[in-house]
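Asker: Sequence:
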Amino acid sequence: RAFHHTYGLPTLTSNCSNNYGPYQFPEKLVPLTIQKALAGEPLPVYGDGRNVRDWLYVGDHCAALRRVLEAGRVGETYNIGGNSERENIQVVRGICALLDERRPLPGGKRREALISFVKDRPGHDRRYAIDAGKLKRELGWAPTHTFEHGLARTVDWYLEHQPWVRRVLDGSYRMQRLGGAAA
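Residue numbers (the numbering used here): -7 to 175.
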């Protein structure tokens, strides 16, 4: 923005809400929860789990960026959101339900029993969401994936790509990204 205002550089700026989807590294809430739930490990949820986030499926984010590049006004900022505000506990419970349906635990155990509430982080935002109304009004863009549909696609992707997840977790994927040999 500063270069646009100072030097006239033609810029477009975007801000987005929380992304989720395929290839997200496992330190983020959605893939971390999937992996821990598959392993039968505790699922830590900060505070009371009622922190709210707006969720944006990565494919929708890519489509929005394309729309901004094609039709955005130079010098403008566009917020890209999923119109899918959810409490963190809802997200974790949703993942548990999808995994219970797709990969049931022995004895009919439910993964929701793995949820444990942990001390909240200092300064943790209670709500983090974006108003993407300008993007819809000016450029006619809106997400095409509901949160539930995107989450189901994401869970299915991680179930089908466990070798990739293992390479990320053991560090061998890093070497592939740097031109090293595949693991």
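These aren't lab readings, by the way, just hints derived from the structure by calculation. Idealized CB from N, CA, C, for every residue including glycine. Hints are supplied without guarantee of correctness; some may be wrong.
Quick list of the computed label-pair ranges, beta carbon to beta carbon [stated by the list, open to error]:
{"#": "1", "residue 1": "P98", "residue 2": "D123", "range": "27 to 33 angstroms"}
{"#": "2", "residue 1": "R42", "residue 2": "Y(-1)", "range": "30 to 36 angstroms"}
{"#": "3", "residue 1": "E152", "residue 2": "R(-7)", "range": "36 to 42 angstroms"}
{"#": "4", "residue 1": "E62", "residue 2": "Y120", "range": "40 to 46 angstroms"}
{"#": "5", "residue 1": "P34", "residue 2": "A134", "range": "33 to 39 angstroms"}
{"#": "6", "residue 1": "E152", "residue 2": "H(-4)", "range": "27 to 33 angstroms"}
Asker: Does each hint hold? Answer for all of them.
Answerer: The hints, checked one at a time:
With their beta carbons about 45 angstroms apart, P98 and D123 fall outside the hinted range of 27 to 33 angstroms. The beta-carbon spacing between R42 and Y(-1), approximately 45 angstroms, falls outside the hinted interval of 30 to 36 angstroms. For E152 and R(-7), the Cβ-Cβ distance of about 40 angstroms falls inside the hinted range of 36 to 42 angstroms, so the restraint holds. Roughly 28 angstroms separates the CB atoms of E62 and Y120, a value that falls outside the hinted 40 to 46 angstroms.
In this structure, P34 and A134 meet the distance hint of 33 to 39 angstroms, their C-beta atoms being roughly 37 angstroms apart. Checked against the given bound of 27 to 33 angstroms, the beta carbons of E152 and H(-4), roughly 42 angstroms apart, lie outside it.
When each numbered hint is compared with the structure, violations occur for hints 1, 2, 4 and 6.
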